[in-house]
Amino acid sequence: MKVVTGVVGNDIHVVANRLIDLSLQARGFEVFNLGVNTYLEEFFDAVIETGADVLLISSLNGEAEGWGREVPLLKAKYKKLDDVIMMIGGNLVVGTGNAEDIVPRYEGYGFDIVCHQVDLNTGLDSLEAMIKERHLEVRNN
Amino acid sequence: MSQEKLLIDVGSTYFKVSTKNSIEQHFRDFNKSILDDLTHKCGQKLEGFDKQDIHICSSANGGLSTLIIGVTNSFSLKYATNIAFNSGINIIDTILFQNIEEYTIPSDLIDVVIITGGINSNKDNFSDELFHYLEKLSYSNVVFVGSELDVPTIKENIENVVVLPNIIDDRLHIVEDSLKNYLTNLYQQDIEGKEDIKDLYNITDNQIFSTPYVVNKTLPFIDSKYSVVNPFVLLDIGGATTDIHYSKDLVDENIVTENEYDRLVFKKLGVYKSKQSLIFAAKNNEFVYELLMHLKVTENIFEEQSDKATKILMQLAIFLVLCKISHYKKAYVNLKLLSVNSFVLTGGITKVLTAEEIENIISFFYKKILNSEHNPATVLDSNYDIWTLGAEGKETCQ
Ligand code: B12
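Read top to bottom, the protein sequences are chains A and B. For what it's worth, my numbering labels the leading residue of the first sequence as 1, then goes sequentially. For what it's worth, my numbering labels the leading residue of the second sequence as 142, then goes sequentially.
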């Protein structure tokens, strides 16, 4: 299964990105890591070129909100992104904030899994759970 | 040592003929074929040389047209556009495949259609809409440089398609070589195929190359002729087009390639053949009136036919090209102009403008557009040394 990942916007916090790459590989994913400083269009374009099933965006420095708001508009321009699992994690607001507000907001932007200050392994477990779930859905149809 | 050589460069507006000690340049007479014109003006000189000592390159009417179809702007289209530009090809349009039905079909014959998209493990990047579109398009060549898994469908549906290795590798990086070689060869064949140019084989035994190719080959050795400080930009402002060649260090794109120097062609920026489109571009640039004022002329100069007017047009061409490659205009490529150490100027411009006149424009550009006092060195290749070096060097590698 293919995953495109990277850190969105002007964010240069690279440590999490490296760990995410390694953890995904350890779980058997084929990883396309766009690294830090990646713009939304590049993420979506990389999903198209690779045929990835999952897009996992990280944001650490507090920029996420601005980019999140752009997602619906940009995504609507693409015709082949509907089945992609969209996931975002890291520090999704400036400062702390609480997950009860943050998660629904990002879901509204079009993300399927939202991990605000969630431990990486917990986050990746929920990704695998969703993959399983979706496969079941496909089989049931 | 080998005999003395005669080097000839045929351009769209004039040709130049050079020997070890002399260089002459003539406006072309378009009522004559190139060969007739050449023998008429330089017959005596030609007679002094054997066919094997005459070397010719040409930029006349050079240039193929291409239309590129890719699946994303950030990868397939960007990479193919980059390769096509570097091969000196004129891009008519780029088409994002998912919206292919919304594009109008160009009426002109396209020399080569480039289709690309997807890494090799990604299948079904294209569908019938592509084939429908191609049915309506008139083109001479079509090349596929996308995912390996799509090759069978592509071959089945597109007649005479040439298939080359994917230009995107599995890490989403660009792979240039095979497409670049293919396009460069097409360009070369196109130049050789022109009736006028074919005639020239009556006077030479050597292969006729395209001028930009020759110039690009010389760039790594440019410091043997001039004290040029890297990184540099070379501007070749001609009658029909303006070419720039630049050190790769100046590009902050994440495209990683092996070539040290790249080239861009601005098709519609020349001071004779494409003078009208140059003026049009100038009138649409918000700083041009200030520039004209700075040069102490008014826009009436565009209507004039004088040496002064030619000078101004050339100065405008420099300014417009700089704008096009700066962050001021988001164009195909933005160069880090604040890091440029030298500007090298070659071509007809060196016969028309002095170093001061050129520096004047360059510093106006830096101040106005980049708000900077940066002042790169200007080097004038007024004796066509760059071209001579390339043309001479050419046959030593054969
Ligand atoms: C090191 C660091 C830097 C270094 C970065 C060096 C580098 N190239 O990586 C430098 C000094 C350059 C830097 C700069 C800045 N930083 Co800083 N930085 C940190 C610091 C101290 C550690 C980050 C780190 O590497 N952690 C280790 C990794 C492993 O942990 P992590 O990044 O949190 O990632 C884990 C989880 O978040 C999670 N995760 C991440 N992404 C995802 C995605 C998913 C889907 C899931 C499930 C999980 C997940 O998994 C990771 C592994 O467990 C943090 C504070 C902190 N202690 O976290 C601040 C911090 C991230 N930085 C911060 C800020 C504000 C900045 C600056 C804006 C400061 C400034 N004013 O200039 C700049 C921004 C620069 C830029 N353009 O991005 C803030 C962000 C605040 C916010 N979001 O509101 C923090 C939180 C500090 C703070 N408390 O204020 N920073």
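Be careful, since some hints might not be right.
No farther apart than 30 Å at their CA atoms in a straight line, the calculated lysine-lysine pairs in the DSS-like style are these [unchecked claim]:
#1 B/Lys296 with B/Lys339
#2 A/Lys79 with B/Lys449
#3 A/Lys79 with B/Lys509
#4 B/Lys182 with B/Lys192
#5 A/Lys132 with B/Lys264
#6 B/Lys277 with A/Lys2
#7 B/Lys182 with B/Lys492
#8 B/Lys182 with A/Lys77
#9 B/Lys157 with A/Lys80
#10 B/Lys389 with B/Lys277
#11 B/Lys264 with A/Lys77
#12 B/Lys157 with B/Lys182
#13 A/Lys80 with B/Lys296
#14 B/Lys173 with B/Lys192
#15 B/Lys416 with B/Lys449
Coverage of chain B stretches by chain A, computed from C-beta distances (three or more under 8 Å per stretch; other residues unrestricted) [claimed, not checked]:
#16 252-264
#17 455-464
Source of the hints: derived by calculation from the structure; they are not laboratory data. The C-beta atom is built at its ideal place from N, Cα and C for all residues, glycine as well.
Taking the hints in turn, this is what the structure says about them:
1. Between lysine 296 of chain B and lysine 339 of chain B the CA atoms are separated by roughly 34 Å; this puts the pair beyond 30 Å, and the hint is violated.
2. Restraint check for lysine 79 of chain A and lysine 449 of chain B: not satisfied, since their Cα atoms lie roughly 55 Å apart, outside the 30 Å limit.
3. Between lysine 79 of chain A and lysine 509 of chain B the alpha-carbon distance is near 43 Å, which puts this suggested pair outside the 30 Å criterion.
4. For a cut-off of 30 Å, the pair hint linking lysine 182 of chain B to lysine 192 of chain B stands: about 18 Å separates their Cα positions.
5. Proposed proximity of lysine 132 of chain A and lysine 264 of chain B is supported: the alpha carbons are some 23 Å apart, at most 30 Å.
6. Among the hinted pairs, lysine 277 of chain B with lysine 2 of chain A is inconsistent with the structure: their alpha-carbon atoms are about 36 Å apart, more than 30 Å.
7. Straight-line distance between C-alpha atoms of lysine 182 of chain B and lysine 492 of chain B comes to about 20 Å, which keeps the hinted pair within the 30 Å bound.
8. Of the pairs offered as hints, the one joining lysine 182 of chain B and lysine 77 of chain A is violated, with about 60 Å between alpha carbons and a cut-off of 30 Å exceeded.
9. Using a Cα cut-off of 30 Å, the hinted pair lysine 157 of chain B and lysine 80 of chain A is violated, with the two alpha carbons roughly 54 Å apart.
10. At most 30 Å may separate the alpha-carbon atoms for a hinted pair to count; lysine 389 of chain B and lysine 277 of chain B exceed this at roughly 38 Å.
11. Of the pairs offered as hints, the one joining lysine 264 of chain B and lysine 77 of chain A holds, with about 21 Å between alpha carbons and a cut-off of 30 Å not exceeded.
12. As the CA atoms of lysine 157 of chain B and lysine 182 of chain B are separated by approximately 11 Å, the hinted pair is consistent with the 30 Å bound.
13. About 24 Å separates the Cα atoms of lysine 80 of chain A and lysine 296 of chain B, which keeps this hinted pair within 30 Å; it holds.
14. Simply put, lysine 173 of chain B and lysine 192 of chain B have alpha-carbon atoms about 22 Å apart, close enough for the 30 Å limit, and the pair holds.
15. At most 30 Å may separate the alpha-carbon atoms for a hinted pair to count; lysine 416 of chain B and lysine 449 of chain B meet this at roughly 15 Å.
16. Evaluation of the coverage hint for the segment 252-264 of chain B: fulfilled, as 6 residues show C-beta separations to chain A shorter than 8 Å, against a requirement of three.
17. A stretch counts as covered by a chain when three or more of its residues have a beta carbon under 8 Å from one of that chain; for the segment 455-464 of chain B and chain A the count is 0, and the coverage is violated.
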